Each structure stands twice: as C-alpha cells, then as structure tokens.
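Trainee: Model the full structure from these sequences, guided by the hints.
As you go down the protein sequences, you meet chains L and V in turn. Take the position in the first sequence, starting the count at 1, then add 2; the result is the number in my numbering. Take the position in the second sequence, starting the count at 1, then add 378; the result is the number in my numbering.
Hint data in this document are derived by calculation from the structure and do not stem from the laboratory. From a predicted model like this one, the values you see are computed outputs, not experimental measurements. Certain hints may be false.
Derived lysine-lysine pairs resembling PhoX-like cross-links, with alpha carbons at most 25 Å apart [claimed, not checked]: (1) K198(L) with K473(V); (2) K163(L) with K487(V); (3) K5(L) with K516(V); (4) K163(L) with K516(V).
Facing chain V, according to a computed beta carbon distance under 8 Å, are these residues of chain L, among others [unchecked claim]: (5) G110; (6) Y196; (7) A253.
Glycine included, C-beta positions come from ideal geometry on N, C-alpha and C.
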Amino acid sequence: MTKDLISINDLTTDEIHGLLDLSAKVEAMPLAERVQMLRGNVLGVMFFEPSTRTRLSFEAAMARLGGSVVGFSETGSTSVVKGESLADTVRTLECYSDVMVIRHPWEGAARLAASVSKVPVINAGDGSNQHPTQTLLDLYTLRKFFGKIGGLKVAFVGDLKYGRTVHSLVHALMMFGDVQMTLVSPEALQLPDYLKIEAANRGVVLNETTDLAEAVRSCDAVYMTRIQKERFADLVEYEKVKNSFCLTAKALEEAQEHMKVLHPLPRVTEIASDVDSTRHAGYFEQVRNGVVMRQAILLTLLGVRP
Amino acid sequence: MSEKVLLIPKIENGIVIDHIPAGLGAPILRAIVAHPDARHVVLTLGLNYKSNKLGHKDLIKLDIDDLPASVLEQIALIAPGVTVKRIVDFDVDKKYVMQTPELLVNLVKCRNPNCVTNHEAGIATEYRAINQRRVQYKCSHCERIFFLNELERLAAAAESVVSR
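Mentor: See below:
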C-alpha cells in the first residue's frame, strides 16, 4: 500500500482484502490489547467541512488504539480565515502529528495534502470525488453480511450525482468485476458520465432504472442515499421525486430474506423508522464497522501489525 | 520548381514544423511565441499549401537550434501528427512525429471548477491518458475524465531550452 489513502482507485483488490482481513482481526482483539497499539502516536484531523460519523469514528478509532488527536473540525478558529493556503495548513499540522485525516470541499484537496506532507494522509472526503474510508467500511459491512463481495447484486438509490460515498463505492465494486450494480435515481441525479465512462472502459454493466420496487426484490443489498432538496432548481421536481425513493417496512416485504439496507447516513425521509426493526436494516452495523476499519487503516499506514 | 520552394526558401539551420493541418499554423505559432525563449525568434509561416496527405497544410520555419520541451508538448496537443525537423547545413539532422503526451503536466487547465488546482495557487495540473489512443485524460487531483479536445490549454511555462 502507498504512503497515503487518497482514493479507492489507488488500492489493488489484494490490498482491499488485506484491509478487510485486518479489520476482522482488530475487531476480534480484546480492547485491553488494542489500546496499546498506537500509544504515543498523534492523529491530526483537518475538517474543512462538517462531519459527524467520519470525524468521531476516526477520533474513537485512535483513542481506542491508545493514541491521541489534535486538529480542528471547523475553520473559524484557524489561520485558514486569514487566508492561509491549504498546503501551508497541511505543512503545519504535519509538524504535530504522525498521521493526518482531511475532509475538504475541493476535489483533489487530499491528493494535494499528500503531495506536501511527509506523514501519511487519509482522505475523509474531497468534494464530490472520493471517500475511501467510507467505501472500505461499506465493503467490510458487505463482506460481514454476505461472506463475500464478488457476485453480489447491489442497488444504489437516490442522489447518485453528488454523493461521493456512492462514487467511491461504485469505483470499488468495479474492481470486483462480477458485482452487478443497479442505479435507481431521478433523472436529475443520475450517476455522473465520467463514472459511466470508467465503467464502460472496464467492461462493467450498470443497469439504470427508476423502479425501486424491482431493485428491492432482486438485489442482495440496497445502498440508500439522501435526496438533497438544495440540488433541485425546481422544488416541484423535488416534491415529485422525494417520496419515490423512500423505503418502508412494507416495501421491504418483497425483499429476499437476506437482503440488507445500507446507508452512509445521515438519513432524512428516505428510510422510514419502521425499517430499523426489520432484519434488513444494516446501517447501524455499518456505522459500528467504521471504527474497526479506520483502526485497520491507521495501523497499516503507521506500519503497526497486530 | 515547386510552389513551396518559391514561397518559403530552404533554411540552412533551424527548425521546420511540417504537416500542420491547415488552420492550425496560427495557434502553433502563438504557442511558440508565448514562450520567453522563443518570443523573438525569426520565423516564417506558410499557410494553405497543397498536401497529398492532408489536402491543405500549414508550415513554419524557425531560426532556432531547438524548441523548448514545453513548446513541443503544446504543439503535440494542438496538432498531433505534425512533423518537427531539425535542419543543420540544409539537411535534416533529426525528425520527430509529434504525439500527444501520455502525461500532461501543467499543459491544460482542469475543467472541473471545483478541482483544487483551480483554487490553490501554485499547483501544477496533471492529466494522464487513460487509453492508448490518448483521447481521454484523467485529472490526477480530482480524478475527473475529459476528452482532450474539451481541455483548455495553459500558456507554455518558462524553462530552459532543451534538446530532443
């Protein structure tokens, strides 16, 4: 694996499997043993955009490995407001930390950070481009639920245009050539052309549809995303589509018994709360898996093997 | 005597850029003179010569030993397939058929307005060809893929003149 984790495209399938295996190993370790592993190490966090799960799970992951955390979760109290460049902010935090995590609204910001930093950099989301740690925890969740990734049928539902979690996971699943992907979205929020071009270049078929019920019936996993009201120029259009892509417990009655619903969260109305108590709800398990996957990533980048 | 010799005589030493599709001579000329090391070079531009291969072609002759590497890359971007000949004592010393580079470093602007290269000062853009035909390129920063003809060229950067 390279020094940094910037894009899921930088990883080979073997490296992805290695991280999934390491996550399982870490998860099985007693907490008392885990808490010694990164003692004395410092994680630098730079969140130029809001985050709940990603930032907290990184902080929890580092704390439970015995390390500590410095950094910021909003730029208002930093020199960024004085006009400090991104590169200089990275060079500064590099002096205080052994590994860094960055979330930034510009696409490619994490790649830039990695190019100027001597310590490993982890991308926690760059604009609408990549979110590789979410992707890895999604893959870990799929493997935990189904025992495999290859051969699965996965549907992506909702905002496929702007959601970086979708973009990253679609990229990753393309590497497992025999995964069948179905895309369910309103016309205005379809997967970007550059991803469709990439799929075509790799010989991966993406099935596009607006029929959520059929996707629920036929797929092993349904990856839901929030339809963002602010993306619609015409609110009438939003009102038309917002309820077409909602899952309820009743809608899941036709699903296969083993089918799981995943969601990067936060959710709003796209998954009704009555789904939470069904056997299909997989999204809170997904959140839990985020900590062990991020622990595996931190250990790998810092060269510590359990 | 051919029309070409009548209009632009042979040069003793210098560079000849030949087989330029008609209409692309002027953009190539602009890319050359935009470079500080080539700004004051003596040159001749011929337009719309008859060509068996191209129908019509443009031609440029320059009184310069070698063109800077970044200018050659710009030429390859503007008109892949053109021939660059180095002339010494009226003879062709070296000859290259220009191909679009596999890696474009600071040659084109990223089309994605939200790409970090369009916000942070002093970062070189980098595009890599994603297929052998070199018609589609991927930004190394934002990972967007564009067709080469969608990308806006950046002016040639200053550098020392290097031989090819």
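Trainee: Look at each hint and say if it fits the structure.
Mentor: Against the structure, the hints come out as follows:
1. Taking the CA atoms of K198(L) and K473(V), the gap is about 40 Å. The hint is violated against a cut of 25 Å.
2. With a C-alpha separation of about 23 Å, the suggested pair K163(L) and K487(V) falls inside the 25 Å cut-off, and the hint holds.
3. As the CA atoms of K5(L) and K516(V) are separated by approximately 21 Å, the hinted pair is consistent with the 25 Å bound.
4. With a C-alpha separation of about 18 Å, the suggested pairing of K163(L) with K516(V) holds against the 25 Å cut-off.
5. A hinted interface residue such as G110(L) counts as satisfied when its beta carbon comes closer than 8 Å to some beta carbon of chain V; here the least separation is about 3 Å, so the hint holds.
6. For Y196(L), the shortest C-beta to C-beta distance to chain V is roughly 4 Å, which falls under 8 Å, so the interface hint holds.
7. Given the 8 Å rule on beta carbons, the hint for A253(L) is violated: about 35 Å separates it from the nearest Cβ of chain V.
The structure fails to meet hints 1 and 7 from the earlier list, while all remaining hints are met.
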